[in-house]
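**Q** The residues making up each chain are set out below.
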Amino acid sequence: MSAVTEHADVPEPDAGFDTGHDTDAVEEVDEGQPHRPDIYYIKIAVFLAILTALETTTYWVDFGPFFLPALLGMMVVKFFTVVLFFMHLKEDSKIFGMLFYMGLGLAVAIYVVMLLCFQFFA
Amino acid sequence: MADIAVDPTSEHVADHVGEPHVAHHDHLHTSTGLSNNKLAMWLFLGSECLLFGGLIATYMLYRGRNNGKPGPDQLWDIPLTSVSAFVLLMSSLTMVLAVSAAHAHDDRRTTIWLSVTGLLGATFVGAQVYEFTSFYHEGVGFTTSLFSSSFFTLTGFHGAHVTIGIIMLMALAGLISRDKIHGNKAEVVELVGLYWHFVDIVWIIIFTLVYLIPA
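Residue numbers (my numbering), protein chains in the order written: chain A, 1 to 122; chain B, 123 to 337.
Do not rely on the hints blindly, as some may be mistaken.
[Unchecked claim] Each computed DSS-like pair below joins lysine-lysine, with the alpha-carbon atoms no more than 27 Å apart:
id: 1; chain 1: A; residue 1: K94; chain 2: A; residue 2: K43
id: 2; chain 1: A; residue 1: K90; chain 2: B; residue 2: K307
id: 3; chain 1: A; residue 1: K43; chain 2: A; residue 2: K90
id: 4; chain 1: A; residue 1: K94; chain 2: B; residue 2: K307
Treat the hints as calculated values from the structure; they're not laboratory data.
Modelling step: build the complete structure from the supplied sequences, incorporating the hints.
**A** Structure follows, in structure tokens:
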């Protein structure tokens, strides 16, 4: 039996598990990753660098009541920018995201409850 | 069994007969249609969130317990830490450029970007070693207080992760330059990239919660 006929036993790819891909995104995907020009990633890095600079200025400039929300907001934006664009979770399978966000969500829930138990926020 | 007319040049056939450098689409011949290696890496990173979550939460609890010794507000060198944070952030850029080059089958650019990423990581670890040494000279060691123990454990664990990442990057650059990787080279680079970006996002949280928010 040739390799070609053996291949007939392999299930059709589309009949398998729903990988949760956006079909529009798949069209522009090769090898599971979209081809982006380097400048796309450089622009994101510049955005992240600006946010880091803004974060650092909070150490010297008094932002008053906006200090903590602004700092936490910038942290969250930076975190998800790296996860979605550099780690490609925005375009990759939803299953990968589910695995990661489950761990992240579990960690946040457990440790927020732990800090509440120790009256950290009081 | 009836023969099925399959274009012998298609990637599915090439995949089946074990061509080493063929393109792999998302629909792999696994039960999920996805790469098991990537699934395992994302699962690992999800579990790492729990590890670092525990370390960060413990530090948050103990950061005010410095037994009259120098505490966070006296020790932190924010300009140095900001530069370190910037360096690690830029290493994420060079890493994603390495992944991009690997998908374009450009081994030379992949090796260069991996090496640059490793160098930026080494700069970050060097700054951390300098920071730890300066704290020690100011009388703050690992067992000085609950604050120092939780701080050194948290940042030390992160530094160890960065160091492991550097070893992986350098090993990968060496293997690619000698053409020692058979199979889906881009996926190997991508897996190391995911790990590297993870240590970056952990530092994004540490930088804000540990260094920028006063104790």
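**Q** Are the Cα positions of A:K43 and A:K90 separated by 27 Å at most?
**A** Since the Cα atoms of A:K43 and A:K90 sit roughly 17 Å apart, the hinted pair holds (cutoff 27 Å).
**Q** Between A:K90 and B:K307, does the CA-CA distance stay at or below 27 Å?
**A** holds, 22 Å
**Q** Verify the proposed pairing of A:K94 with A:K43, using a straight-line Cα cut of 27 Å.
**A** Roughly 25 Å separates the two Cα atoms, so the pair holds.
**Q** For the pair we were handed, A:K94 and B:K307, check the Cα-Cα distance against 27 Å.
**A** holds, 23 Å
Violated hints are absent here; each numbered hint is respected by the structure.
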